Every structure is written in structure tokens, then in C-alpha cells.
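Novice: In case you want the letters, here they are:
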Amino acid sequence: MFEVIFLQFLNGLDKGAAYALIALGLTLVFGTLGVVNFAHGALFMLGAFTAVTVRLFLTMETVTIDPTQLSPWGQPLEVREPLVQAWLGDFGGVLVNYSVPVSILIAIPIMLLIGIALERGIIKHFYKRPHADQILVTFGLAIVAQEVIKSIYGPNPIPQPMPTDLRGAADIGAWLGMQANIITYPIWRLIYFLFAGIVIGAVFAFLQFTTFGMVVRAGMADRETVSILGINIDRRFTIMFGLAAVVAGLAGVMYTPLLPPNYHIGMDFLVLSFVVVVVGGMGSLPGAVLAGFLLGILQSFASMNQVKAIIPGIDQIIIYLVAVVILLVRPRGLMGRRGVMES
Amino acid sequence: MSAIAMTSETVVQTPAAEVETSRPFFSVRDVHSYYGESYIVQGVSLDIRKGEILALLGRNGAGKSSTLRTIARTDSPQMRQGEIWLDDQPIHQMKSFEAARAGIQLVPEDRRIIPGLTVEENIALAKVAPGHGWDVEQIYESFPRLAERRKQEGVTLSGGEQQMLAIARALARDLKLLLLDEPYEGLAPVIVHEIERILHSIKPLGITTIIVEQNAVAALKLADRAVILDTGEVVFSGTAKEVLDNAELRHEYLAI
Amino acid sequence: MRTPLGSSDYSQYLTPILNSGADVLILNHYGLDMVNSLPQAVQFGLRDREANGKRFEIIVPMFSELMAKGAGEAVRGIIGTSNWHWNLQDPGSVAFTKSFGAEYGAPPSQAAHTCYVQTLLYADAVERAGTFYPPEVIKALEGHEFDGMGNGKTLYRAEDHQCMKSVLVVQGNSAPTSEFDVLNIVQEVGRDTTTYDPAIFGGELGPAEPAPLCA
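Protein chains in written order, with my numbering: chain F, 1 to 343; chain X, 1001 to 1256; chain B, 2001 to 2215.
Okay, chain F solo, but in the shape it has when bound:
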């Protein structure tokens, strides 16, 4: 029974890390710009499709038609030669194999640019408008992004293989000195968990230990006072929107081997990440992370047959049930501050 609970707990941490990472980006935007960003899921999706695109480029092929051979359905056979391997030899093969990690490096500048362009181009015009308008415009952006991706890549999921060395499951039980094959967990999920931890840690360290971060924290707490001290806080907040887009995009890149991405991938996370943010407390970064892990773990345990035997269907409602209970007991969420979205 111990191994069952341990595995479920591990799975909860793994899910929680994914939730926390998405909720973190959402909270960065809300805490700085005061905008409820429904396009956040679309940024996750765009990150995932950065990985798809990088892989497309890396696996480009030269197609020659061989009329002497016929395919089983009677067409001339297409002969395909991988291009990157032809140019770069073994290194090209390594690049293809590690296309997802390679995509991270490429996604950082791309997502930063997308984020900054969105904020400067569209979202900044909505700061003084009601929250309902902001929700409509960001939701609209999400739909546009989805349809653009759908028109380019089609509606079907496009699998992204993980590097061959990182496939399969790691025997965690054996590492901990237990019997082999009792506690095993997919290596990529462990990497995702570590990655999420590193990104979350890096965001917190950036906010806590750099001058830029201090200014942003100050601006989140009191935008006007920061301005009267001569700081152009709007510009910093624009960069924070770019950073939130990077966080969302990287979460998307790293998720592609776990879930073949299609244009809709971000929406699956959007509702959930809003629940996480609300439970954690609107605008609270530690709250978002805490709530992400809490809900991930609860959802994992609620999915066990033993639990479902007591309360059938609990696995599908647990997150919303917990959200309702927490909001009844603590209307501002776990770590919400007074005065956020209240006036």
C-alpha cells in the first residue's frame, strides 16, 4: 500500500508542478498589469507549437519521386532524405533526437517577442477598461491564435517524441533502496517536475534578488508610488508580460512529449489554471504555486479506485469542490491580499 500512496503522491507533485507553472504566469500578468489574461492558455499552446515547428525544420526532408516504384495504392513512390542529417551528420541526428530541449532555447526569444507585441499592440489599450472587456479581448486573442495554428498545422494532434535516452520509466524505488520495479515513474515527467521547479525558483529569485525584480514587486504593490519615484513602471510590466509568456511557452514546449499538441491544448489548462489562481489568491505568486501543488495532489489521490469507491465520481469534481470550500472559508483564497479586484 505504501508504494501505491507514494506513487500517487509523486503523480500529484508532477501534476501540481504543471498547474503551478501555468498559474504562475497567469498571476504574473494579473499581479502586474491587473489584467485577467484568458490568452494565457494560447501562449502555452504557442509554446507547444514552437516545439512542433522546430521539429518540422529539423526533420525537413528532400522528396524525390521514383516513378519506377509504386506505393501500395498505385502512386509513384516518394523517396525521402532527411536534410539536417545530410548537412550536419551525427550532430544533426542528435538535434532531431533532442528537438524538444532545443526548442526551449528557441522558444524563449520567440515567446518574449510574442508577449511584448501582444501587450504593446493590444492589451495595453484595455487597462482602463472594465475587467469584462479585458476578458473578452484576451479570450478573443486566444481564439484567433488557435484558429491561426489550426489553419497552419491542421486539427489533429502532432506527436513530439522525447529524446530516446529519456523515454521509459525510472525505477525510483531502486534508487531509494527498495525492491526493483515497485516504484517507477516516467523519466520525462520527473524532468518536467524538475524543470517546473527550476523555472518557478528562477522567477522567484529574479523577483526577490534583482533590482528589476524589486521594482516589479514594488509596482505590483503600489504602482503610483513607484511612478512618482521616477520609474517607468509600464515598461517593466511590459517585460513582465513577456516573461509570463515565456513561462507559459516553456511549460507548453516541455509538455509536448506528454501530450501530443493540437491547437486546443491550451484551453484544457486554462480553466484549471484559473481555479488554481483563485484558490491560491488572486495576485499572489506563492499562493499560485501552493494551490497548484495542493490541487494536483488532491486530484491524484481522488482518482484512486479506493477513494472512488467511497465517493463515486470524486475524481472529476475534487478540484472544484476544494475551490468552493476554500473560497467559502477564505474568500480571498489561500494567500490572497485585501483589495485585489475589490473596490
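Treat the hints with care, as some may be off.
Heads up, simulated DSS-like pairs for lysine-lysine below, C-alpha to C-alpha not over 30 Å straight-line [claimed, not checked]:
1. LYS1221(X) - LYS1151(X)
2. LYS150(F) - LYS2069(B)
3. LYS1095(X) - LYS1127(X)
4. LYS1241(X) - LYS1050(X)
5. LYS1176(X) - LYS1203(X)
6. LYS128(F) - LYS1095(X)
7. LYS2153(B) - LYS2139(B)
8. LYS1151(X) - LYS1050(X)
9. LYS1203(X) - LYS1221(X)
10. LYS1203(X) - LYS124(F)
11. LYS1127(X) - LYS124(F)
12. LYS1127(X) - LYS1241(X)
13. LYS1127(X) - LYS128(F)
14. LYS1203(X) - LYS1241(X)
15. LYS124(F) - LYS150(F)
Just so you know, the hints here were simulated from the structure itself, not pulled from any lab data.
From a predicted model like this one, the values you see are computed outputs, not experimental measurements.
The hints should help you fit chains X and B onto chain F, whose structure is shown.
Specialist: Below, chains X and B alone, put in the same frame as chain F:
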């Protein structure tokens, strides 16, 4: 009443005549500001010479704080008309961060110490944008209480200490015009004396200052000149001594 | 293990299977759910696991080429069943594959085969019934036996309206030569084996008359 009107006319005319030759160091020309649709500052004009301390007085809701905030170019109230010039720079065309870089420092009502930041960080924040004034050592020397509490979160300080921190933050910037909004508000009398002592101690530095204060007597002790606002308009402009000596004026507009 | 449909991450339902003592995971998902859950099951090591001294198996009861494509390399070696495969060598299937390939540049999926065959069947049934009225068309199809184009003699059983035909056992191709070469036929299981007693699932068929249209 007629005496008041006469005084205000004669005094207002003198700097107005000077404008012909040279612009005053700081001048506000016919400024109108609104909170949403409510009309708060209704055509205020004032001039200050370099190094002068001006007390901006008036009853609650007379538009004193709104005038200061308009000068500091905060988002609210919204300025819809008028000009503000500091040392030949058109402040009225600036946003608040640009006004701050031009040398305007507002020490806001309620101090506005940033939550989540230590004393040290609150001061460091003032040194992020270009245009620095006092360095940190000088600040801690002048405010030893802040030096002792430098690692403490700013908002956990006492009211008086928070006021010191807010003033210190302004001094950390390259200052041309200091705007003090209710520096004595909500403080115990002992603390008021302490803040008064600090303000008097920086008076010899010759920082051009506008002080808005409910405690008119304390403000007038500090100030060279006084302007009285009523329902968003200037109703008196003269020396601090004139206000202190004119019981009728004080009774009419300041209720003291 | 019951799971909700439409989820993106099924990991919390896969972890309890790891130490459950089961020999086989029958992954009864279809479409996007299978595309999501099969790679996740493989990542959890279920494809390469041993249970009770035997190889653990993942079985997909409804395998389709589109799903196999979406699940990528996770389908390799996975066993499942399918209605039809473009590599069947009966004349009907060969002709269908050829003309479909000429039109779309890809071999037809089992779903394409189903759509094609059923459209012909419906047209035939309407012709025989002489009307589009559903209860009559139903009667024309009940107990109707025909050639299933690769599925051998096929029967729409009158008792429970189930389609009795041969079924293919397929396996995810371990070394595909092209993006269409994802499934291999392992075995054709004849109609004699797949036919079961209609009483097992039983139940009423319900009225044949269409429900009155709501005003």
C-alpha cells in the same frame, strides 16, 4: 472680506508682473483637474521662487492634495487644462515618472511605504531611476532610526518612522521641488514635533517646497508664503505672516 | 478503472495500475482520448513491463490509423483490433485503396472504409425498401447479409442490430517504412469466432418510429 480681496489682488499681481521679464522657478498656470466627472481643481495658478517654502492651505475638499497630485502628474486627478513649468521644463506634458525625473518629488498622503519591501529597498527604489540626490549613507546619518531598522519591512515601522522614510525617499532623488502632502497627519503630537524638527533641519538646504497641511499653524511656521484654496480656486495668496496675523481670514477659510 | 473522457492527462489513472497485479491493460479509449492516454501509458513503462512472470500487454480494442498517427511511436508493438486495413488483398479493398490513394495521396483509414461501405449499404437498403422512411429501411437491413469488402460475409443481426463479421488483429508497426505504414495485420479472426450470443448483452431495441419533431 474686502480686506482679503485686496490683499490677494496686490500679492498676485507682483509675480504676474515678473512673468513679463523672466519665468518664475516654478509656476502653475490656470490648472483644471477632474476625478472622473467631478471638477476638483478649478483654475489654480501659483508661482514659487527658488528655495521658497509655500504652505497650501484650505479646508477639507478644497483641492489642496489634488493640486499637489496634479503637479506630480499622477494618473488621477486627470488634468484637462493648464500649464505647469519647473525650471523652464513643461511638466504639464509629462507623465508622473517623467515629472519625477524632472525633479518633482511628492511625499504622498499616508506615506505610501511599499508593502513587502524593507526600509533599505524602499530607499533603493528611489535610486533606480536616473537623477540621484542624497546617498544612502547620508540618509542613514540624518535618520539614524531608519539605519537601525534598515532590514525591517517598511510598513511595520511606526507612523513617524514611515514619514521619515517617505521624506528620505524623496531626498534620495535629485530634487528641485518637494511636495509634502499632509506630513503631520495621523501622528501623535510628540511625533509631529519630530517631523517638524526634520523639516526645519532641511529648510537651510533651500529645497523649493509646497506643503499641504491640515495643521495650518505648523505649516505656516515652516513656510515663507501661503496660498489658500477654497472649492478648487485660489482665494488668498500672501506671506505666511499675513495669514497668521489675519484672524478673519483664518476663521473664514481655515476654521482656526 | 473508469476515467473521464476528454482529459489531457491520464497519469493519475495509470499509476494505480502499475502495482495492481494486472496482466493486461485494456485501454478502451477512442480518438483523442486514446491519442493522449496511450503514449502516457507507454511512458509509464506499461508496454515494457513484466507482470506475474509474463509480459504485460496493453490492448486497444478500437485501433485506427488516425489514432495511431496521433499517438506516434507509442503504438509500436501495441496490439489491438480493427475493422479493416488497406493492405487487405481482396479485389474490393485493393480497388478502394487504389482509387482513394489516387484522390488523396494517402491510403484510406478503417474509418474511411466504414463510411464508404455504409453509404453503399444505406443506398442499397433504401432502394430495396423503396422508401426513406426509417422503420422500413431498418427492416430492409435487419438480417441482411452482404460482402463486407475485406470483412468477408457480413450480417446485420436482426436480434440486436449488431454487425457480425471477421475482425482484424493488428499491431503497431515497430519499423514503419512510411508515415502511413503504422499498423500491421497480425491475424484475421473469422466471423465464426467473433459471433457471440445476442442474449449476453440483451436489452430492448426500442421503437423504430422516429420521435415526433418538436414544434
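Novice: List, from low to high, the hint numbers that the structure doesn't satisfy.
Specialist: Checked against the structure, the hints that fail are numbers 1, 8, 10, 12, while the rest are satisfied.
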